[in-house]
Amino acid sequence: MNFLVEAIAAIGSAVLKAVALIGELTLFALSGLSHMVRPPYYPRLVLRSLMEIGFFSLPVVALTALFTGMVLALQSYTGFSRFDAESAIASVVVLSITRELGPVLAGLMVSGRAGAAMAAELGTMRVTDQIDALSTLSTDPMKYLVAPRLLASIIALPILVAIADILGVMGGFLVATEKLGFSADTYLINTFSNLRVEDVVSGLIKAAVFGFIIGLMGCFNGYRSKGGAQGVGAATTSAVVASSILILAMDYALTQVLFFK
Amino acid sequence: MTQPKIRIRGLKKSFGGKTVLDGVDLDIMPGTGTVVIGGSGTGKSVLIKSILGLVTPDAGIIEIDGEDVLKAPRARAKKLRAQIGMLFQNGALFDSLPVWENVAFGLLAERKVRRSGARAKAITVLAQVGLAENVANLSPSELSGGMQKRVALARAIASEPAIMFFDEPTTGLDPIMGAVIDELIVDCVRRLGSTSIAITHDMASAQRIADQAAMLYEGRICWSGPAAGLLTSTDAVVEQFTHGRAQGPIKMALRR
Ligand SMILES: Nc1ncnc2c1ncn2[C@@H]1O[C@H](COP(=O)(O)OP(=O)(O)O)[C@@H](O)[C@H]1O
Ligand SMILES: [Mg+2]
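Here the protein sequences line up with chains U and P, keeping their order. Under our numbering, the first residue of the first sequence carries the number 1, and numbering increases by one thereafter. Under our numbering, the first residue of the second sequence carries the number 1, and numbering increases by one thereafter.
Note that these hints are calculated values from the structure, not bench results.
In silico DSSO-like cross-links for lysine-lysine, where the CA-CA straight-line distance does not exceed 30 Å:
no. : chain 1 : residue 1 : chain 2 : residue 2
1   : P       : Lys18     : U       : Lys17
2   : P       : Lys112    : P       : Lys78
3   : P       : Lys251    : U       : Lys226
4   : U       : Lys226    : P       : Lys12
5   : P       : Lys18     : U       : Lys226
6   : U       : Lys226    : P       : Lys79
7   : P       : Lys12     : U       : Lys17
8   : P       : Lys71     : U       : Lys226
9   : P       : Lys12     : P       : Lys79
10  : P       : Lys78     : P       : Lys18
11  : P       : Lys78     : U       : Lys226
12  : P       : Lys12     : P       : Lys71
13  : P       : Lys18     : P       : Lys71
14  : P       : Lys71     : P       : Lys112
Can you build the whole structure from these sequences, using the hints too?
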């Protein structure tokens, strides 16, 4: 009996905590977004974040996309060779990359790289009182730290994904022409004949949403971290885990919205 | 009677059921230097963070120039608090910015200097805390502890605040560097004619930088008076603290 009461109490308190956390996160997101559109602006900081999130993620995103395109071509060749392989491979590669794998893999990679770095940086600033110091120097930390990072992630991800799309198709093209001996012209014709604008645009919309998730989880977890070095480590882990899961869940939701109107 | 610069009444703050401040009353008269003493973890930092608006108290009144900042509209409270300069316990320098940008940060944020003139202004402020121009472009992490304290002090005084808070300015420094920082603090406060609150548990430092003293114990101000009175006080709590005795009314959390 006692055990039962304790168990219910534990579940209750966990639910309450989760609800409180969601509320906190929502307020944080709204405040970050509203600071993004209200002056003063910090273009210098947005640019710095763009470099950190976008430019420095380029190598890892590019390599991921290239290898994914290559392996897609190889896999679909073994899978489709019984049928009309040549035309199928090109469209499988380009559609998988632009619609799904480009945004999702770029999102996961950037979350591991830039999202973690954001959480660690803001977390360190929190536990060393630098965030408090900002407020005492007439600067709103939400505006100075969070808004530029959110904006930069929302801008950076679609650009990265556009590049990933191109490199992914190139990976497939390389394997198809160099290894499988397909003709280059036919491969390219097949690639573009089945590709519609919506395929690319939907991928870029997903990318912008994933960028927002990465920036939000990185900033939120860093901003509210406490308890010294250990707290910063925990914030970094939560940022990556939470944004990865949210990216995959949002991917499903967005696919539903974008393709089953 | 003149109006206190800062007037605190019944200030309370708990963290998750643990009461830290339990009805603090404190008057800070304009132009005076007050030192708040008390054991580690008694809530000294929470007290000044409440005045700064970094911690939201559960109850009480905090008046600056006679206006309650807890009740005032947000913009007004912000304006009242903007006259406070704060030296954080561990400096809290921005490690992503060079020393000069740290010093000029508040001035740039308040648009009191343009970016082009900020570096020159920062160098004049650095000179006031005894630092030469050659540190201006260094990163805070390249400086020694004493130098970081000086830069943090320079950042706090750059906009010539009417009120200054110093959170354990000498903790973690050797006694000589501690004395040097105390001297700089006294210098700056006197030159700007500011009202100041310093937190410390260093008795020598307390005597050097303050004329008034208050002791925080069990969430309240248990004793206050002239700083010189600290050493002669017969109050059992103050006496135990100033003489650093293990026996007495103050029980460390460890032994509870
Ligand atoms: N943000 C916070 N969340 C939870 N507890 C806090 C927070 N800030 C301070 N405390 C607690 O309040 C007490 C007083 O802290 P503080 O004011 O920093 O002490 P000190 O007198 O040494 O400056 C400590 O026990 C600390 O754990
Ligand atoms: Mg403290």
